[in-house]
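Asker: So the protein lines, in turn, are chains A and B.
One gets the working numbering by counting positions in the first sequence from 1 and adding 85 to each.
One gets the working numbering by counting positions in the second sequence from 1 and adding 10 to each.
Quick caveat, the hints were computed from the structure, so don't treat them as lab data.
These numbers were taken from a predicted model, which means no experiment stands behind them.
Built from N, CA and C at the ideal position, the CB exists for glycine as well.
Treat the hints loosely; a few may be bogus.
Covered, in the sense of this in silico footprint (three residues per stretch, anywhere, with C-beta under 8 Å from a C-beta of chain B), are these stretches of chain A [stated by the list, open to error]:
no., segment
1, 151-159
2, 188-194
For the chain B half of the interface with chain A, some residues (derived, Cβ under 10 Å), not all of them [what the hints assert, rightly or not]:
no., residue
3, Q47
4, G52
5, F55
6, F75
7, G82
8, V84
9, A103
10, E113
11, G117
12, G119
Calculated from the model, a selection of chain B residues having no Cβ within reach of chain A, i.e. all distances over 10 Å [claimed, not checked]:
no., residue
13, V22
14, G26
15, V29
16, R32
17, Q51
18, S72
19, S83
20, T86
21, T88
22, Q93
23, L125
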Amino acid sequence: KNEVEQSPQNLTAQEGEFITINCSYSVGISALHWLQQHPGGGIVSLFMLSSGKKKHGRLIATINIQEKHSSLHITASHPRDSAVYICAVRSIGSGGGADGLTFGKGTHLIIQP
Amino acid sequence: GAGVSQSPSNKVTEKGKDVELRCDPISGHTALYWYRQSLGQGLEFLIYFQGNSAPDKSGLPSDRFSAERTGGSVSTLTIQRTQQEDSAVYLCASSLVGGAYGELFFGEGSRLTVL
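Turn these sequences into a full structure, and let the hints steer you where they fit.
Answerer: Structure (structure tokens):
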């Protein structure tokens, strides 16, 4: 089973700061997801990537397959970015079944004005 | 609808009662997932439906839990004889395609409290 570790578990920063959230996993993967969960529970898919880098607005996700590591960056952070950010990976050879998707415990981000 | 819809959004029940949670996925999405999120914990996989294939039930924690998906669309998760440890947010997600590269779209979740 793939182990997914996120760091930091909690992060408080000031508005405007550059934010980095890290995700490490233990076995080969076919895809990695970054998800955002706001208070109240709704989850939004931010990125799905299997190599390289993706950018959407102020959010950037990178992945290094060799190092089994991904980062989520937020530029010019804003209080509305406050949420839990969750990394999820799908292990190679899982057949795409749902039990091949492993979630990290999430990073709780608070951006103070 | 435009997104994944779940109902009820909140459910409070007494220990021992049965509950049904409903998920209406995005139209045309072939894959549907149920997850559970207990307080302070990560998402826990429960069950996965993909098209007409037999569902992957490997995550269901006990035989009190069951789910069905009718007509390849709406899904119902049923918990029989609820216990306090069943209290959690139950999340449904759908994907246009199953497998490794399907992007997940989540509902808002159903918060279950068992007294």
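Asker: Decide, hint by hint, whether the structure agrees.
Answerer: Hints, verified against the model:
1. Counting residues of the segment 151-159 of chain A whose beta carbon lies closer than 8 Å to any beta carbon of chain B gives 0, which falls short of the minimum of three for the stated coverage.
2. By the rule of at least three residues with a Cβ nearer than 8 Å to a Cβ of chain B, the coverage given for the segment 188-194 of chain A holds, with 4 such residues.
3. With a least beta-carbon distance of about 8 Å to chain A, the hint placing Q47 (chain B) at the interface is held under the 10 Å criterion.
4. Because the smallest distance between the Cβ of G52 (chain B) and any Cβ of chain A comes to about 4 Å, under 10 Å, the interface hint for this residue holds.
5. Here the hint on F55 (chain B) is kept, as its CB sits about 5 Å from the closest CB of chain A, short of 10 Å.
6. Interface hint status for F75 (chain B): violated, as the beta-carbon distance to the closest one in chain A is roughly 15 Å, over 10 Å.
7. Interface hint status for G82 (chain B): violated, as the beta-carbon distance to the closest one in chain A is roughly 16 Å, over 10 Å.
8. The beta carbon of V84 (chain B) is not positioned within 10 Å of any beta carbon in chain A (closest approach about 18 Å), and the interface hint is therefore violated.
9. The beta carbon of A103 (chain B) comes within 8 Å of a beta carbon in chain A, closer than 10 Å, and the hint placing it at the interface holds.
10. The beta carbon of E113 (chain B) is positioned within 10 Å of a beta carbon in chain A (closest approach about 5 Å), and the interface hint is therefore held.
11. The interface hint given for G117 (chain B) holds, since its Cβ lies 8 Å from the closest Cβ of chain A, which is under the 10 Å cut-off.
12. Interface restraint check for G119 (chain B): the shortest CB-CB distance to chain A comes to about 4 Å, inside 10 Å, so the restraint holds.
13. At the 10 Å boundary, the C-beta of V22 (chain B) stays outside the reach of chain A, the nearest C-beta of that chain being 16 Å off.
14. For G26 (chain B), the requirement that its beta carbon stay farther than 10 Å from each beta carbon of chain A is met, with the minimum near 26 Å.
15. Once the 10 Å rule is applied to beta carbons, V29 (chain B) is consistent with being away from chain A; the minimum gap is 17 Å.
16. Against the 10 Å criterion, R32 (chain B) stays outside the reach of chain A, whose nearest CB is about 16 Å from its own CB.
17. With a least beta-carbon separation of about 7 Å from chain A, Q51 (chain B) fails to lie farther than 10 Å from that chain, contradicting its non-interface assignment.
18. With a closest Cβ-Cβ approach of about 17 Å to chain A, S72 (chain B) is found to remain outside the 10 Å limit, as its non-interface label requires.
19. Non-interface call for S83 (chain B) relative to chain A: holds, since the shortest CB-CB distance, roughly 18 Å, exceeds 10 Å.
20. Annotated as non-interface, T86 (chain B) keeps its C-beta farther than 10 Å from every C-beta of chain A; the closest such distance is 17 Å.
21. The claim that T88 (chain B) is not at the interface with chain A holds, since no C-beta of that chain comes within 10 Å of its own (minimum 18 Å).
22. Here Q93 (chain B) stays apart from chain A, with its beta-carbon at least about 21 Å from theirs, past the 10 Å limit.
23. Consistency note on L125 (chain B): stated as away from chain A, and its beta-carbon is indeed over 10 Å from all of that chain's, at 20 Å minimum.
Hints 1, 6, 7, 8, 17 from the list above are not met by this structure, while the remaining hints are.
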